[in-house]
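K.L.:
Sequence:
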Amino acid sequence: MLNRTIHGYITIGILTGSLALSGVWYATSPTTEIAEVPPTPIVQVQAPLYEGNYVVVHLEKMQIELHNGTTTIETLPIISIGKPGSYYETIGGAYANDYKIRNHFSSIGHVYMPWSVHVFGNYFIHGIPYYPDGTEVSSTYSGGCIRLSNADAERIYVFIEKGTPIVITENTERDFIATETEAPTISSIEITRLMVATISLEILTQDNEITDTDGVSVTTRRKLLPRLLTDGDDSIGKKLAQALGEEAYISYMNQKAQALGLTNTTFTSVTDPVTTTPADQERFMQHIASYKMYLLTLPPVTQ
1 MLNRTIHGYI
11 TIGILTGSLA
21 LSGVWYATSP
31 TTEIAEVPPT
41 PIVQVQAPLY
51 EGNYVVVHLE
61 KMQIELHNGT
71 TTIETLPIIS
81 IGKPGSYYET
91 IGGAYANDYK
101 IRNHFSSIGH
111 VYMPWSVHVF
121 GNYFIHGIPY
131 YPDGTEVSST
141 YSGGCIRLSN
151 ADAERIYVFI
161 EKGTPIVITE
171 NTERDFIATE
181 TEAPTISSIE
191 ITRLMVATIS
201 LEILTQDNEI
211 TDTDGVSVTT
221 RRKLLPRLLT
231 DGDDSIGKKL
241 AQALGEEAYI
251 SYMNQKAQAL
261 GLTNTTFTSV
271 TDPVTTTPAD
281 QERFMQHIAS
291 YKMYLLTLPP
301 VTQ
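With my numbering, letter number 133 in the sequence shown gets 133, and the count goes up by one each step, no holes.
Derived from the structure by calculation, the hints contain no laboratory data. Some hints could be false.
Derived pair list, reagent style DSS-like, types lysine-lysine, alpha-carbon separation capped at 27 Å [unchecked claim]:
(1) K223 with K83
(2) K162 with K100
(3) K83 with K61
(4) K162 with K61
(5) K238 with K223
(6) K100 with K61
(7) K100 with K83
Computed spacing ranges between beta-carbons, pair by pair [what the hints assert, rightly or not]:
(8) P39 with S187: 44 to 54 Å
(9) V216 with I73: 50 to 60 Å
(10) I189 with A151: 45 to 55 Å
(11) G85 with T268: 25 to 35 Å
(12) M62 with T268: 31 to 41 Å
Just so you know, even glycine gets a beta-carbon here, dropped at the ideal spot from N, CA and C.
With the hints as constraints, model all of the structure from the sequences given.
P.N.:
Dropping the structure here:
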């Protein structure tokens, strides 16, 4: 048998034997089989999501990962998060830490939250809350914050510096990479209303009593949301924005859009349609369905 390699292929010569014809022995012609050499697989190394330190909160795994570039430094367990589908569900998106407080006092829960790392609005990563008398909160209930053991919360607190990226996801850490730049082709009041409602849930208190749009009756912000989303009452957007001032409220709307990677969506009003693209619209609606399902379940209030 004779083997040769030609132009990346292996030729296999097979001598099949000899035949005797009329008393004369003849060697049969060798047959040739061609076997293609499989190509060497190309291994592509994915670029890191961020250079340097960043944190990924995996809600579906109930884990927090500490990263540096492509290296996973450590994985820590989460004790509790906000109830999925509730108005206090834990947020999703890609944020950057702006401050942290060794022992933050929550004006909503009226408890101290050790090793608090701010994410966005009313949402923190923190340790076990405790009451002013020092008694630890025994319930695993979370108002939307990401609760860890005190030791793990301290580890996160030390790891994160101002500006450290924090990605919160139910899927992969790349879910909120910015959409491609395109010219807006869609005008949507629905997206404006949903973003106004999202900021109300994530920035403002929901169950404290406030004056209604008539200036007389008393209601709560949460009771206003169905009138905004299902009845299309855009005066609710103005009412919700009063707590911060409309300019500041719109700024939060745009910060949220950036956290979701909505490259082509910029809000300029709490009552006017926003211009956007199909990719941004799809990303935003997927976000609502995954992290703000509560807003899609509100019943109409107009009879």
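K.L.:
If a hint holds in the structure, say so; if it does not, say that too.
P.N.:
Structure-based check of all given hints:
As the CA atoms of K223 and K83 are separated by approximately 19 Å, the hinted pair is consistent with the 27 Å bound. Among the hinted pairs, K162 with K100 is consistent with the structure: their alpha-carbon atoms are about 8 Å apart, no more than 27 Å. Our distance criterion of 27 Å between C-alpha atoms is met by K83 and K61, whose separation comes to about 15 Å. For the hint pairing K162 with K61, the CA-to-CA distance comes to about 26 Å; that is within 27 Å, so the pair holds.
A threshold of 27 Å between alpha carbons decides the hint, and for K238 with K223 the separation of about 15 Å falls inside it, so the pair holds. A threshold of 27 Å between alpha carbons decides the hint, and for K100 with K61 the separation of about 25 Å falls inside it, so the pair holds. Our distance criterion of 27 Å between C-alpha atoms is met by K100 and K83, whose separation comes to about 24 Å. At roughly 50 Å, the beta-carbon separation of P39 and S187 lies within the given 44 to 54 Å, and the hint holds.
A C-beta distance of roughly 56 Å is found between V216 and I73, which places it inside the suggested range of 50 to 60 Å. The hinted window of 45 to 55 Å between I189 and A151 holds, with their beta carbons roughly 48 Å apart. In this structure the supplied range 25 to 35 Å holds for G85 paired with T268, their Cβ-Cβ distance being about 31 Å. Between M62 and T268, the C-beta spacing of about 38 Å keeps the proposed range 31 to 41 Å intact.
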